[in-house]
Amino acid sequence: MKLITAIIKPFKLDDVKEVLRGLAVQGMTVSEAQGFGRQRGHTEVYRGTEYTVDFVPKVRVEVLVDDSDAQRVADAIVSSARTDKIGDGKVWVTPVENVTRIRTGEMGRDAL
Amino acid sequence: MDSGNTAWVLASTALVLLMTPGLAFFYGGMVRGKNVLAMLMQNFFSMGMVSVLWALIACSLAFGDGGKFIGDLSLVGLKDLAGAKDVMPGFVDDAGASLLTIPPLVFVAFQLMFAIITPALITGAIADRMKFRAWAVFLGAWLLLVYAPVAHWVFSPFGWLFNLGALDFAGGTVVHINAGIAALAVCLVLGKRRGWPGEAMSPHSLPLTLLGTGILWFGWFGFNAGSALAADGIAAQAFLNTNNAAAAAMLGWLLVERLKGGHATTLGAASGAVAGLVAITPCAGFVGGVAPLIIGFLAGAVCFLAIQLKYKFGYDDSLDVVGVHLVGGIIGSLLLGLFADESVNAVVTSDTQGLLVGGDATLLGYQAVAVFATIAWSGIISFILAKVISATIGLRCDEDEEIQGLDTSQHAETAYSFGELGSMGRIG
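Going down the list, the protein sequences come from chains W and V. The opening position of the first sequence corresponds to residue 1 in my numbering, with each subsequent residue numbered one higher. The opening position of the second sequence corresponds to residue 1 in my numbering, with each subsequent residue numbered one higher.
With the rest of the complex left out, here is chain V (with noise of 0.2 Å):
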């Protein structure tokens, strides 16, 4: 057990915590002002649903020792990981004795700050029309069928994409991939907003999304070099990549947005920003040099050019999660495929360097299988859910109920009350 490493991952989880109320500025300020709270609310439930459930179950789900594929119930509601005394199940050398130098506890607190921000990732291809009672129940279904499996394959020792080789430092595929096709699936099943696209949507408060943005940089320090799980090098390199990856993105996207549209946007640089934090997640603690520059660069690059698919194709993923989760989330899982350096982290050994550092395609093969399972798997399930939701209690809100805006029609509340013409009477 080492004190500096636990004080950290400790700040680090805290960190994460803070990240989803960012995501929900960040989601919150480009929606309607009618429908802000609402948007607000899915993500703010999600650290009441996830912690819960987490706590009972998804934990145990996800990182028991239940072979390949899920965990079992061995951690149901966090029972034998007391205190310090006890030891994450796979975290543990031939002699049975911990590697994790951090209580369990705090590996446990970690990854349910991840468990947390994944799902309301989704929330930005829903907003404005999906029901509070649908999201809720879809919140939790995904957890236990969808993320807890992921997270096994990925960050349990004994996962089968973990024991193939793949590599993901904070969760390109667990987080992003995951929650990315999720959005697509779901946005898919819900249909699209009404008037969309012919009608302007445009954001009601960027300022808000900006505030967003900066809270969930800040945040992303925590998810990437807290995941280094000590204060270490490792968690020096990962800090600062982070940081370089989000700045080289921000001026990726608006080179591209000023090139193709004639003006960089303050959307574009919070949207650039993201795209950029989104990439380095799978590659933090496993590239250096300028590779965090590149990887930052063309996410920022290639997540605005994908931001115009949904036009395309007709599907109203509403804030672009898809064109920068999934896609964002892609480019950087194969990026590390190309970047991976020995000299940085010695989990990548010498035949699994990137393809541009030792010139062996071993792990770039390895990474296209862990982006295609998360795909398949999450993508397939998401949308089963969402459509046996829709069968039974409903996914979307009535016509009128989007009309109004589902800050009155889902939560009986307004976000801003401005003037003198409120005529409230109290009932009883």
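For reference, chain W alone in the conformation it holds in the complex (with noise of 0.2 Å):
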């Protein structure tokens, strides 16, 4: 099994989201996260002094896949995430050792 993490630009969930659905991925996790790589931020002013923000606001997505399943779903994140600009974000997949369904006790492929 495979963990796959993307960080995109918050405009472009609701794109992965609906590419993911159309893979049939199960189920999918996203948090508010900020951060930077090479896109600057923005800079703020409050009576006339000057501040620069360096986090951009960003949106992680996690996803639980089977290994055979893996490459597809990133490849369909990084398509369907691309807006060919500075900032489109990162996507990568890191090995997950053993995965249980908390309701059913169920583990493994069987909790995906």
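Treat the hints with caution; some may be incorrect.
The calculated lysine to aspartate or glutamate pairs, modelled on EDC-like cross-linking and capped at a C-alpha distance of 20 Å, are [to be verified]: (1) K17/W with D69/W; (2) K12/W with E32/W; (3) K2/W with D67/W; (4) K2/W with D66/W; (5) K85/W with E399/V; (6) K90/W with E44/W; (7) K85/W with D14/W; (8) K192/V with E399/V; (9) K17/W with D54/W; (10) K12/W with D66/W; (11) K17/W with E199/V; (12) K85/W with D15/W; (13) K85/W with E402/V; (14) K12/W with D398/V; (15) K85/W with D400/V; (16) K90/W with E62/W; (17) K85/W with D398/V; (18) K79/V with D94/V; (19) K192/V with D398/V; (20) K12/W with E199/V; (21) K2/W with E62/W; (22) K12/W with E401/V; (23) K12/W with D84/W; (24) K85/W with E401/V; (25) K2/W with D69/W; (26) K12/W with E399/V; (27) K192/V with E401/V; (28) K12/W with E62/W; (29) K12/W with D400/V; (30) K2/W with E106/W; (31) K68/V with D94/V; (32) K12/W with E402/V; (33) K192/V with D14/W; (34) K68/V with D93/V.
If the Cβ cut is set under 10 Å, some of the chain V residues that face chain W in the computed set are [said to hold, decoys possible]: (35) G195; (36) G198; (37) A412; (38) E413; (39) M424.
Read the hints as simulated data drawn from the structure, not as lab findings. Ideal Cβ positions, reconstructed from N, Cα and C, are used throughout, including at glycine.
Both chains are given apart, each in its own frame, so use the hints to dock them into the complex.
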């Protein structure tokens, strides 16, 4: 099993969600995140004093999938989250040792 | 000069000023959190821009003696209106004595507050996508080209609708229809918000919206009861009508909402109350008995249905200015043609009572003319104005600015700074 983690632009979340639904992904977890890569933040001004805000709002998407689906799902996220502008984010895949569904106690692939 | 009347209109003037911050929070709660400061700013900015223009020239264009269609330059800079010694042009009897029992400057200040809130109403339709610079230019130009002439037609004794016999107690045409149709015109030129109507753009803080509604309701007593320009029985009638129409409209909106959608919502209660306040505005000091309850209830129910029109026709009237202010204003202005009552206000004569009171449709006809004239002038001029701004300095933010949110892209500020992740460094 693999954990796919993606950091994407918040307004692309709907597109990513729809594409993953189309791939029969069973569920996903999203959280609001902040960070920076190559995209710069913005400046804010309060009573004439200027400040830089480095962190840019992003959304983190996490999906647990079977090994055989991992590449397909990662590719789908890449193509649906891409705007070709700086700040589109990253996707990475990490191995997962075990998964348990809390309600039933099912483990491994059955818990996906 | 009557000190009691003067005191009441001074207090009413302050009440009406407070409506604009109230409106700002009513709208501000309904937008997404990244755009709330921009919405508040578009409204607050009107208090600055309109006050200055009003003193310089707009008051003169609205109330100067320039004939039937627009004022003149006789009151530019508010000259000749110092203290209490002068009279408002037109508000005089045959002997030249003032018909107002309040100083002219009190009237000027009271009318200023109406001029501030009217263009502010438009901001609900253009939420989340207009450049601030474009709004500033539109606001000033609209005040001079649309608000001042329409206020002259209806509120100035020289105006053609005033003399025709059309009635508007506190601004059903001048304020609500005027702003409502302008809102439609500008949002058509501006286009839809990115992602509308597919993406959810749910209100970020309904508590702010309800707080704003409370301030609006409170301020509306000044708007309507203050429009009696006296502390008398007509003011009392207008005061009670204002409250009761808002109450009945809240019930009307919630009833239809419950029947159609299954839930009575807080946003529905707030929107219904505002729809009732809009509809009673032209009628406030001209109707009595249960008429305000009927007017309010109808306004609440019909405006709920009217806000669905934007999905049918595909215009992004983001916070329903058209469905509430244009439709509510038309409902109130036309229902006045049914319910105007000479026993409430002597301005209504036995020939011009409402159709359901006196059996005569004369007033209803005048009201229809006033509604149509306001829609035509404001709709056409607002559309042209938006087109001109769009072709010159640009009306709309670029896509990145809209996605980022107007608070940071237009004003370099953030409304809500929670948590410790700011990572802000001071420059210089």
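Hints, verified against the model:
{"no.": "1", "hint": "K17/W with D69/W", "verdict": "holds (16 Å)"}
{"no.": "2", "hint": "K12/W with E32/W", "verdict": "holds (13 Å)"}
{"no.": "3", "hint": "K2/W with D67/W", "verdict": "holds (6 Å)"}
{"no.": "4", "hint": "K2/W with D66/W", "verdict": "holds (6 Å)"}
{"no.": "5", "hint": "K85/W with E399/V", "verdict": "holds (12 Å)"}
{"no.": "6", "hint": "K90/W with E44/W", "verdict": "violated (27 Å)"}
{"no.": "7", "hint": "K85/W with D14/W", "verdict": "holds (18 Å)"}
{"no.": "8", "hint": "K192/V with E399/V", "verdict": "holds (12 Å)"}
{"no.": "9", "hint": "K17/W with D54/W", "verdict": "violated (27 Å)"}
{"no.": "10", "hint": "K12/W with D66/W", "verdict": "violated (24 Å)"}
{"no.": "11", "hint": "K17/W with E199/V", "verdict": "holds (13 Å)"}
{"no.": "12", "hint": "K85/W with D15/W", "verdict": "holds (16 Å)"}
{"no.": "13", "hint": "K85/W with E402/V", "verdict": "holds (15 Å)"}
{"no.": "14", "hint": "K12/W with D398/V", "verdict": "holds (17 Å)"}
{"no.": "15", "hint": "K85/W with D400/V", "verdict": "holds (10 Å)"}
{"no.": "16", "hint": "K90/W with E62/W", "verdict": "holds (12 Å)"}
{"no.": "17", "hint": "K85/W with D398/V", "verdict": "holds (15 Å)"}
{"no.": "18", "hint": "K79/V with D94/V", "verdict": "violated (24 Å)"}
{"no.": "19", "hint": "K192/V with D398/V", "verdict": "holds (13 Å)"}
{"no.": "20", "hint": "K12/W with E199/V", "verdict": "holds (11 Å)"}
{"no.": "21", "hint": "K2/W with E62/W", "verdict": "holds (10 Å)"}
{"no.": "22", "hint": "K12/W with E401/V", "verdict": "holds (16 Å)"}
{"no.": "23", "hint": "K12/W with D84/W", "verdict": "holds (12 Å)"}
{"no.": "24", "hint": "K85/W with E401/V", "verdict": "holds (14 Å)"}
{"no.": "25", "hint": "K2/W with D69/W", "verdict": "holds (9 Å)"}
{"no.": "26", "hint": "K12/W with E399/V", "verdict": "holds (14 Å)"}
{"no.": "27", "hint": "K192/V with E401/V", "verdict": "holds (15 Å)"}
{"no.": "28", "hint": "K12/W with E62/W", "verdict": "holds (15 Å)"}
{"no.": "29", "hint": "K12/W with D400/V", "verdict": "holds (13 Å)"}
{"no.": "30", "hint": "K2/W with E106/W", "verdict": "holds (17 Å)"}
{"no.": "31", "hint": "K68/V with D94/V", "verdict": "holds (19 Å)"}
{"no.": "32", "hint": "K12/W with E402/V", "verdict": "holds (14 Å)"}
{"no.": "33", "hint": "K192/V with D14/W", "verdict": "holds (18 Å)"}
{"no.": "34", "hint": "K68/V with D93/V", "verdict": "holds (18 Å)"}
{"no.": "35", "hint": "G195", "verdict": "holds (7 Å)"}
{"no.": "36", "hint": "G198", "verdict": "holds (8 Å)"}
{"no.": "37", "hint": "A412", "verdict": "holds (4 Å)"}
{"no.": "38", "hint": "E413", "verdict": "holds (6 Å)"}
{"no.": "39", "hint": "M424", "verdict": "holds (4 Å)"}
Hints 6, 9, 10 and 18, counting from the list given before, are not met by this structure.
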